[in-house]
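Chemist: Generate the whole structure from the sequences, applying the supplied hints.
Chains as they are written, first to last, in this note's numbering: chain F, -11 to 362; chain H, 93 to 403; chain X, 162 to 664.
Keep in mind that the hints were calculated from the coordinates and are not lab data. Backbone N, C-alpha and C define an ideal beta-carbon position, used for all residues, glycine too.
Partial chain X-side listing against chain H, Cβ under 10 Å, derived: (1) Gly213; (2) Glu233; (3) Arg235; (4) Leu238; (5) Ser250; (6) Leu251; (7) Glu253; (8) Ala254; (9) Leu255; (10) Glu259; (11) Ala262; (12) Gly264; (13) Arg310.
Straight-line C-alpha distance at most 27 Å; calculated BS3-like pairs for lysine-lysine: (14) X:Lys270 to H:Lys279; (15) H:Lys256 to X:Lys280; (16) X:Lys476 to X:Lys607.
Reference listing, derived: stretches of chain X covered by chain F, where coverage requires no fewer than 3 residues with Cβ under 8 Å from a Cβ of chain F: (17) 505 to 511; (18) 515 to 521; (19) 527 to 539.
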Amino acid sequence: MLRLEPRQEPSRRMQAVTPFVAVALTMAAGGMLFAFLGKDPLEAIRIFFWNPLFDSTVAGYTRPQLLVKAAPLIIIALGLSFGFRAGVWNIGAEGQFIVGAITGAAAGLAVYPAEGIWVFPMMILAGMLGGLLWAMIPAVLKVRFNANEILVSLMLVYVAFNVLAGMVTGRLKSPEGFGWPESRNFQDYPSAHNAEVIAGSGIHFGVIVMFALVVASYVVLRNHIFGFQVRLAGQSRQAARFAGVNPDMLVALCLGLSGALAGLAGVFEVAGPAGKLSTNFPLGYGFTAIIVAFLGRLHPVGIFLAGLLMALTYIGGELAQFQLGIPAAAVQVFQGMLLFFLLAVDFLVNYRIRLGPGVGSDRTPDARARESGT
Amino acid sequence: MIDLAALSPAALLASLMVAATPILLAATGELVAEKAGVLNLGVEGMMIVGAVCGFVGAVESGSPFFGLVCAVAGSAMLALVFAALTQVFLSNQVASGLALTLFGLGLAAMAGQNYAGIKPPQSPRLDVPGLSDLPFVGPVLFAHDFVLYFSLFAVLAVSYCLRKTRSGLVLRAVGENHDAAHALGYKVRRVRIAAILFGGAMAGLGGAYLSLIRVPQWTEGMTAGAGWIALAIVVFATWRPWRVVLGAYLFGGVTMLQLNLQALGVGIGVAYLSMAPYLVTILVLVIMSADSRRVSLNAPACLGRIFHAST
Amino acid sequence: MNTLLDVRGMTKSYPGVLACDDIGFDIGEGEIHALLGENGAGKSTLVKMIYGLVRPDAGSMRLGGRSFAPPEPRAALAAGVAMVFQHFSLFEALSVAENIALGMEERTKERELAARIRKISSDYGLTVDPGRVVGDLSAGERQRVEIVRCLLQSPRILIMDEPTSVLTPQEVSALFETLRQLAREGTSILYISHKLEEIRALCDRATILRRGRVVATCTPSGETARSLAAMMVGSGVPVPERGESARGETLLRVAGLCLPSLTQFGTSLENVSFSLSEGEVLGVAGVAGNGQDELLLSLSGEVRVGTGVISLAGKDIGRTGPTARRLLGLLAAPEQRLGHAAAPDMSLVENALLTGYARQRLGRRGFLDWTKAAQFAAGVIERFDVRTPGVGNAAKSLSGGNLQKFVIGREILQKPLVLVANQPTWGVDAAAAAAIRIALVELARKGAGVLVISQDLDELMEISNRLSVISAGRLSEPRPVADLTIEDVGLLMGGSGEKRAAA
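Modeler: Quick look at the structure:
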């Protein structure tokens, strides 16, 4: 009989290997799904994962898109990863992303058509502030009233959707938009436009910021007391409190940080790839970033790789939709499956599979029970 | 001018019960799962899968009842995935629940893409002869569909089982202290898997109620956070079945009120009125959570904790 | 006497350790049989195998002449084996009657069950109120609930795992009366303990375990505590030499500390006052759950109290947090090693940072100095003889004794002005416990003030200069140990100190 046996220490090797196992399993299951839809599974997988990178007819367009799509995912996921490590569950990044885009865009449109080098930085600050404040709502309610941050931050996503709808039909509606519910296009407003730094590369300001954030997160997580406190709080609240971590402050910092970064991603998106606010603006980046964070093991480098992979599924999904008629929602199914498989193989990190009845750690189970205080 | 007469109290009450039923069903299921110590954040995903399964089943077979059966089966299947992840592979319940929701939303969108805009077969109403014609009381209490009655019956049954039966006692014991329950020889895993499946089935039924009876049609993302609201209502109810009814109906009331205000064209934008249910949910969550002692009084002590029996 | 349970060749190994190695013994009908051994000797694993919680790798058992191999606790219960756990297997939020109903195989009507509970209660002097919520009960009451639950099954063997560790001396003698009565009526009792005097007073025979093996079987009444200890430990353990109780400057002063209970079933502190001087070990005795955790939390700074309540070397610190208090010299070692004093999955270096960061300057401007932290961790390991492959190993990979040495050592090496230790030797093997006690006394001799909270009275009598008792959140006036007997302390633990204060 197969049994799970707890490891003495989490396996680092498994931590690195399991995401790849999960990707492989997802591809297999995805192939079955495509076969079920009546498509050639191998062809579909090739279009999904290979063509966007290497197929000469489309790669010219899709390769730069990879960074464009990955940048917001990675920026948001980096922010979330700190909270997730500390056990602060900000599930409402989508809302903070939207609100950041709204406040950032509003700041830019407020000064339209003024030109100047200060316009875009001001929008960035406004966007970060918007995301930050939106995230401070669940933080304050959690700290002050003990309200569950998962539910509050999530409810605020729906509120943000409605704020967006209200804005694009109201205050921020473009006067020259022939009545469409959308804002002015930032592509027509050079000072506010998050343009490509190198034409045709897909690299806009957000991509550069993303790279910087990956490095900064890595340093903070490894070498800064904040990173240490976050990791400590994730393992044991009580130990963190004992070490002098103020739990309320930690909740506020984690939610604030992830909110600000989600807002940041929102500004880059609205001023760059999306170009304008409209009800179609939210693409679910805030939710997909949750998957990116987990798939990347809440580690900056892992998140970077996971963000690229997830961007690939978006682009591959578009190609597959275009070339094979695979429904757009298949991407979401794919991403969901990826997270399932990751969670399913995750136990290999903390447990060993053993044959036969002999199980336990190298100390007696009663010693363990005593240690864990049960 | 607002025509307040259009807001007939009887019609409003009857419609708020209908609006509340999907959430009532899902919250009742989640309550049972949480009482067993399982926090399943996948309610939203299970609900929407239930909505699409129910819809497809009903349209293809022509029978709304068969649709409901499909919904229950479909969501329970999805719940089984959650059960496997959390009870067999010992995954984090928060992450697994989120995965369930994200996956469920995608799956439902994919399965339902050819069903948008179709009308499902009509579900029979269960007017109680004679009583349904009574003024006020008739439309409010005796002129509903059978699922609505079932939802209230389910609350009654869950309440009775939890308090009065041995299986209810065992379920609570497992949620309270899984190690002790294990030491007494109870099958912690089995109890929890059963509770998760029940939660899934109820969420599925709630979803199907939405797509087959309340709306009735299929649109992508039609649950619009109902599953999350159900989760909030369990907290609001401090894990007591009858309070779930109160919470769900309160939510239903706010929903109907804002819909009616929209129809009447009050001076507030539609978008801002549509926020009301979510804001109210946050508000009640805050009010209920503020007194942490009251919450912890009924909260299952092992909620969300992973159980691994060392043998 | 007929043999009831016959255990032969029981073996159980866990990766890296042989918990039980070919253990054999037998229990007669109506016999009170002791399993004696220090922590980690394999007692608990052995009884878990008898109770069906753990499956043996090898070995066989016979119960009443029939082969007995319970695959799960239910089977053991059905065969007549009942167990009262060391850490009670009760459900805090449920009522006494519900808890008892959960332990019953057959379904019983509420009213009938209540009647049976009352009957057992009065027959054996085990007062319990079926309607009360278990979370509100004291440790002694909870144990009675567990015993009643077992007795309702009419067991042939009752296993008691370290039953007295949570009881006051008076409760212990009441428990012994109940057990003797049960034995007279023919119920066998398997009594697990490492307390020698208890075993000498209660048990007919004793099987002594050491490192997973049976090392001796004896009649305890024919042995001395010393000879039993020698069999249990194998060799003598060093005893700390207590410092002079010469009292210097007052270091820590607590005046009128009140703290509402932090959790639903917690204890609130009421008007706790004491002072701690240079070079002094102050012991705080008491049964678990009487406010010890709350006291530690308010001293470590994890819970803030008002101004004017706690002062360290004359400086008011009631509102400062843990880090500030560490910088001032007040260090603490909580009871729970994994998950409070140390983070289970973090390395020893990271765990050294946990409390050492500020006081040992293991970083600059928020950036960590890993080299320095590793040196500090290595210093603790070396100085306190922590057995581990290296500083990179996770805290949870250490045995209880080694981790506790690390935790205490981590604080002592930071040269505290005052050290507060809660249950420093709980669940620790004898050698490590002795080392920890010596280190604490040594720290005080060098001039620090040491506050030791413990349930082990013998330990406190051995190392403290003064002793006070915590009971229901109140602390008795500290008294010099030289003037105290165990009986005095026992009375205080039962709460009689309160009455005296009121009178």
